Amino acid sequence: MSEFHQMQCSNGLTIIGEVNDQARSAAVGFFVRTGSRDETTEESGVSHFLEHMVFKGSRNRDAMQVNKDFDKIGANYNAFTSEENTVYYAATLPEYHGQATEILADILRPSLRSADFDMEKKVILEEIGMYEDNPGWMVFDHARREFFGNHPLGNSVLGSVQSITDLKRDTMVDYFHKRYVASNITVVASGNYSWKKFSNQVEKLCSNWKPGSARRDHLSQTTGSAEFKLLEKKSCTQENVVIVSPGPPAASPLRYAAGLLANILGDDSGSRLYWALVDNGLAESADCTYHEYDGTGAFYTSFTCEPKRTQKDLEIALAQIQSIITKGITEEELEQAKCKALSRLVRASEKTMNRLQEVGMSWVYLRKYKTIDEDLQAFEKVNMRQIQQVLERYPLMRVTTTALGPLSKLKKPETSTPKK
Amino acid sequence: MSTRTHHHVFENGLTLLAQPMPHVRSAAVNILVPSGYVNDPVGMAGMANVLSEMIQRGAGKLGNKDLSLAMDAIGLDRNCSAGTNHLRIWGATLARNLERSLDLFSDIIQKPMLPKDELPAVKQLSAQEILSLEDEPRQKVLIALKQRHFGSPLGNDRRGTLEGIKAITHEGLKKFWKKHFRPNGTIISVAGNIEWKPLVDQVEKYFGKWKQSECAAPKQQKPEGGYLHLAKDTQQLQIGIAYPSVPFGHKDYYSAVGAVNVLSGGMSSRLFTEVREKRGLCYSVWASHQNFKEVAAILCYAGTTTQQAQQTLDVTLSELAKLSKGIKEEEVRRLKVGMKSSMLISEESSSARAGSIAVDWYYLGRVRTIEEIQKAIDGISASSILEHVKKHPPEKFTIVTLGANKLVTP
Chain A
1 MSEFHQMQCS NGLTIIGEVN DQARSAAVGF FVRTGSRDET TEESGVSHFL EHMVFKGSRN
61 RDAMQVNKDF DKIGANYNAF TSEENTVYYA ATLPEYHGQA TEILADILRP SLRSADFDME
121 KKVILEEIGM YEDNPGWMVF DHARREFFGN HPLGNSVLGS VQSITDLKRD TMVDYFHKRY
181 VASNITVVAS GNYSWKKFSN QVEKLCSNWK PGSARRDHLS QTTGSAEFKL LEKKSCTQEN
241 VVIVSPGPPA ASPLRYAAGL LANILGDDSG SRLYWALVDN GLAESADCTY HEYDGTGAFY
301 TSFTCEPKRT QKDLEIALAQ IQSIITKGIT EEELEQAKCK ALSRLVRASE KTMNRLQEVG
361 MSWVYLRKYK TIDEDLQAFE KVNMRQIQQV LERYPLMRVT TTALGPLSKL KKPETSTPKK
Chain B
1 MSTRTHHHVF ENGLTLLAQP MPHVRSAAVN ILVPSGYVND PVGMAGMANV LSEMIQRGAG
61 KLGNKDLSLA MDAIGLDRNC SAGTNHLRIW GATLARNLER SLDLFSDIIQ KPMLPKDELP
121 AVKQLSAQEI LSLEDEPRQK VLIALKQRHF GSPLGNDRRG TLEGIKAITH EGLKKFWKKH
181 FRPNGTIISV AGNIEWKPLV DQVEKYFGKW KQSECAAPKQ QKPEGGYLHL AKDTQQLQIG
241 IAYPSVPFGH KDYYSAVGAV NVLSGGMSSR LFTEVREKRG LCYSVWASHQ NFKEVAAILC
301 YAGTTTQQAQ QTLDVTLSEL AKLSKGIKEE EVRRLKVGMK SSMLISEESS SARAGSIAVD
361 WYYLGRVRTI EEIQKAIDGI SASSILEHVK KHPPEKFTIV TLGANKLVTP
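Protein chains in written order, with this note's numbering: chain A, 1 to 420; chain B, 1 to 410.
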């Protein structure tokens with residue numbers, strides 16, 4: 001079965017890995033603890049733009065060479081940027097793990113060439129255009145901004161057409177030197193590979209990376225603006241609604257309970273929202289997910305429906321949230337949510353890429369490694385008292401509501417908004 | 001890992017396939033019933049899709065809610081959906097719950113309640129699924145492209161049409177279920193931590209009494225092809241291009257997939273390099289092989305801002321034309337490694353494996369071993385791809401665009 005290793009290099013770089021010699025593949029990831037929440041207004045969108053630029057090459061490789069070298073080893077590789085993390089990863093057959101690691105370590109010191117910067121700016125603007133045509137995605141970006149208000153977690157990951165157009169290469173270079181320091185990066189591996197070879201290789205390849213220290217500010221818990229916002233977009237067909245409520249932060253022991261609570265309220269099968277809105281066809285879809293961040297957390301309850309039903313559906317969704325608070329949940333609901341969580345966790349863990357994310361994120365947020373079984377037990381142990389604690393500490397009915405679609409009018413339902 | 005798969009055909013014509021994966025803890029079940037959207041009755045497009053939702057609303061002795069609870073109680077993640085030729089019932093859970101899953105699925109398939117009072121809500125849901133496509137321009141353009149390139153019913157959208165959904169009656173739904181749900185032509189595939197012998201007995205127990213019936217295949221209409229523009233007020237212009245290829249099982253199949261990979265396998269591929277990397281014309285551009293039993297096509301997609309759309313289409317088409325001018329050895333080396341590793345990596349999970357063995361069985365009447373696929377990939381060469389491209393050159397394009405402007409097409 002699997003074993004775990006960790007080490008810290010003299011420049012502060014952390015290397016961790018879970019080895020599973022049963023796996024058919026091996027994965028490697030560079031987790032940089034930086035994202036849109038770490039950007040100033042002038043830097044808006046730089047984390048994501050920089051993620052694209054990393055693939056444009058280093059002193060040793062130009063963009064075409066990077067792509068060719070990854071493709072030569074048949075790597076399944078990419079990167080993503082969120083509010084808090086920028087992650088570069090590659091999964092390969094075991095024999096190519098070393099080469100994938102070498103390429104990633106190399107491009108993580110990018111040249112950021114001007115010509116590449118100008119060309120990729122066009123691609124980023126296309127990406128923004130693509131999302132603007134997708135209201136189901138856009139509404140979440142707006143909802144987060146509404147909920148977090150001035151808190152940096154409200155920053156857009158993509159940035160705006162304006163902020164990207166205005167962004168200077170020098171700003172990106174400065175941001176890179178500030179954020180991509182060794183102490184702010186965790187290198188992670190999973191699957192079938194040799195830990196000794198891997199850790200030695202990474203240590204050597206990254207030995208000249210500057211130690212530095214990257215700060216993250218505004219780690220306070222937030223309960224959200226409690227605003228009600230209607231964004232009219234005539235070209236849309238359906239109305240998209242997102243209701244955000246405060247939740248526990250990533251480091252909270254209540255995060256497992258919060259995950260189960262979201263499942264009870266809004267899983268896509270057999271949840272309260274499913275029976276109240278989807279089973280009867282009132283909404284096309286409805287769900288609730290719990291997102292954990294550094295220092296704070298949130299529940300995103302959302303649904304999509306025909307515009308004319310929005311007012312009613314919104315009242316129903318809020319009544320469902322309210323009833324969880326006033327009447328609580330049943331033991332049966334908790335057991336059912338646990339069953340689903342366990343089954344999903346076990347199945348997800350069969351994929352090497354998934355283990356990379358789990359092991360990496362757990363380390364980035366908690367400095368902890370958990371085996372699959374430990375994670376399973378954590379869900380198993382959640383009891384009614386912990387669910388109650390989540391509801392007591394995080395006012396679920398302090399909702400920030402955002403609707404995006406063709407509607408020009410939507411009334412804020414009358415509910416009492418709990419104080420912060 | 002052993003690549004040995006088991007198969008058994010029961011007396012009633014039902015096929016069972018299984019892939020034991022001793023190192024995992026889960027099991028996945030994939031059931032293909034020959035009741036896909038191609039069988040939708042004329043005037044009732046969307047029937048198979050509505051049925052896929054209706055069969056979950058109560059079966060055997062369990063009503064809608066109790067059935068849902070029974071599946072959740074064993075952590076059974078599931079999905080029922082209408083595919084081209086089959087209605088697919090999929091479920092995955094811990095291996096110890098496999099038998100209970102088969103029990104529940106057998107009721108869903110053989111004894112669905114199809115409650116009349118649930119039909120309006122299900123029709124409402126299905127109609128909303130169609131409406132939502134208006135807010136997803138990328139999907140919308142690809143659906144229109146398939147429709148135009150393959151013709152009806154093969155190229156239809158599984159969601160059907162608003163008029164079709166409206167016309168569906170409870171009577172019609174029951175008739176459709178009775179006619180198309182049958183063991184002959186049904187494939188059950190299972191992968192995960194399972195044992196073959198007990199599985200055969202369980203499937204016999206739950207599906208052995210299911211009665212055979214015969215049913216004629218739908219008639220295929222001639223596709224329209226050519227160029228279609230869908231006007232829409234959007235930021236980007238969506239471009240879809242299709243042209244004929246050879247289907248899975250054809251002797252040139254691997255060379256055809258090789259050609260797709262020259263265009264779109266990895267970030268060093270031609271489309272990504274020429275359209276995105278060198279010109280910054282779009283974020284998303286790709287080509288893929290779309291397969292049916294007798295026909296197949298290469299589909300290309302690009303989404304770009306209106307002003308750059310003509311150039312994007314022109315560059316994409318010129319890359320297609322360039323295929324027959326030559327394929328480099330180094331391109332072929334890269335795509336072969338890519339094809340091999342994505343095959344191996346994508347089949348790490350029990351769900352993926354259960355799906356792919358069923359696909360093999362449906363198209364080929366057998367399951368390919370990993371070694372066989374690897375050997376076939378090894379057989380791809382620059383000259384085999386080139387020969388294929390010359391025999392089946394990119395031409396007779398079907399093109400669909402969606403957005404503010406029409407484009408100039410060949």
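FYI, nobody ran anything at the bench for these hints, they're computed from the structure.
Note that the structure is a prediction, hence the values are computed from the model and not measured.
Misleading hints may appear alongside valid ones.
Taking lysine-lysine pairs in the DSS-like style, the calculated list, with each CA pair at most 25 Å apart, reads [stated by the list, open to error]:
| no. | chain 1 | residue 1 | chain 2 | residue 2 |
| --- | --- | --- | --- | --- |
| 1 | A | Lys312 | B | Lys175 |
| 2 | A | Lys72 | B | Lys406 |
| 3 | B | Lys166 | A | Lys121 |
| 4 | A | Lys370 | A | Lys338 |
| 5 | B | Lys325 | B | Lys251 |
| 6 | B | Lys166 | A | Lys72 |
| 7 | B | Lys166 | A | Lys308 |
| 8 | A | Lys72 | B | Lys174 |
| 9 | A | Lys121 | A | Lys196 |
| 10 | A | Lys412 | A | Lys308 |
| 11 | B | Lys232 | A | Lys68 |
| 12 | A | Lys122 | B | Lys219 |
| 13 | B | Lys328 | B | Lys219 |
| 14 | B | Lys375 | A | Lys308 |
| 15 | B | Lys328 | B | Lys278 |
| 16 | A | Lys121 | A | Lys234 |
| 17 | A | Lys327 | A | Lys338 |
| 18 | B | Lys166 | A | Lys312 |
| 19 | A | Lys168 | B | Lys278 |
| 20 | B | Lys219 | A | Lys68 |
| 21 | B | Lys232 | A | Lys234 |
| 22 | B | Lys179 | A | Lys233 |
| 23 | B | Lys375 | A | Lys122 |
| 24 | A | Lys68 | B | Lys406 |
| 25 | B | Lys322 | A | Lys72 |
| 26 | B | Lys179 | B | Lys293 |
| 27 | B | Lys219 | B | Lys205 |
Each hint, compared with the structure:
Of the supplied pair hints, the one linking Lys312 (chain A) and Lys175 (chain B) is violated, its CA atoms being roughly 35 Å apart against a limit of 25 Å. A threshold of 25 Å between alpha carbons decides the hint, and for Lys72 (chain A) with Lys406 (chain B) the separation of about 39 Å lies outside it, so the pair is violated. Proposed proximity of Lys166 (chain B) and Lys121 (chain A) is contradicted: the alpha carbons are some 47 Å apart, above 25 Å. With a CA separation close to 18 Å, the supplied pair Lys370 (chain A) and Lys338 (chain A) stays within the 25 Å bound.
Among the hinted pairs, Lys325 (chain B) with Lys251 (chain B) is consistent with the structure: their alpha-carbon atoms are about 22 Å apart, no more than 25 Å. For a cut-off of 25 Å, the pair hint linking Lys166 (chain B) to Lys72 (chain A) is broken: about 52 Å separates their Cα positions. Taking the CA atoms of Lys166 (chain B) and Lys308 (chain A), the gap is about 19 Å. The hint holds against a cut of 25 Å. Taking the CA atoms of Lys72 (chain A) and Lys174 (chain B), the gap is about 53 Å. The hint is violated against a cut of 25 Å.
Only pairs whose Cα atoms come within 25 Å are accepted, and Lys121 (chain A) paired with Lys196 (chain A) is rejected, the gap being roughly 40 Å. Proposed proximity of Lys412 (chain A) and Lys308 (chain A) is supported: the alpha carbons are some 15 Å apart, at most 25 Å. Note on Lys232 (chain B) and Lys68 (chain A): the hinted pairing is violated, with a Cα-Cα distance of about 38 Å set against a maximum of 25 Å. At most 25 Å may separate the alpha-carbon atoms for a hinted pair to count; Lys122 (chain A) and Lys219 (chain B) exceed this at roughly 47 Å.
This hinted pair does not check out: Lys328 (chain B) and Lys219 (chain B) have alpha carbons roughly 42 Å apart, beyond 25 Å. Our distance criterion of 25 Å between C-alpha atoms is broken by Lys375 (chain B) and Lys308 (chain A), whose separation comes to about 57 Å. The hinted pair formed by Lys328 (chain B) and Lys278 (chain B) meets the criterion: a straight-line CA distance of about 19 Å does not exceed 25 Å. Of the supplied pair hints, the one linking Lys121 (chain A) and Lys234 (chain A) is violated, its CA atoms being roughly 29 Å apart against a limit of 25 Å.
With a CA separation close to 20 Å, the supplied pair Lys327 (chain A) and Lys338 (chain A) stays within the 25 Å bound. Under the criterion of a C-alpha separation no larger than 25 Å, the hint pairing Lys166 (chain B) with Lys312 (chain A) is consistent with the structure, at around 23 Å. A distance of roughly 21 Å separates the Cα atoms of Lys168 (chain A) and Lys278 (chain B); the hinted pair therefore holds under the 25 Å criterion. This hinted pair does not check out: Lys219 (chain B) and Lys68 (chain A) have alpha carbons roughly 46 Å apart, beyond 25 Å.
Note on Lys232 (chain B) and Lys234 (chain A): the hinted pairing holds, with a Cα-Cα distance of about 12 Å set against a maximum of 25 Å. Of the supplied pair hints, the one linking Lys179 (chain B) and Lys233 (chain A) is violated, its CA atoms being roughly 45 Å apart against a limit of 25 Å. Restraint check for Lys375 (chain B) and Lys122 (chain A): not satisfied, since their Cα atoms lie roughly 42 Å apart, outside the 25 Å limit. Taking the CA atoms of Lys68 (chain A) and Lys406 (chain B), the gap is about 35 Å. The hint is violated against a cut of 25 Å.
At roughly 22 Å between alpha-carbon atoms, Lys322 (chain B) and Lys72 (chain A) fall within 25 Å of each other, so this suggested pair holds. This hinted pair checks out: Lys179 (chain B) and Lys293 (chain B) have alpha carbons roughly 22 Å apart, not beyond 25 Å. Distance check on the hinted pair: Lys219 (chain B) and Lys205 (chain B) sit about 36 Å apart at the alpha-carbon level, beyond 25 Å; violated.
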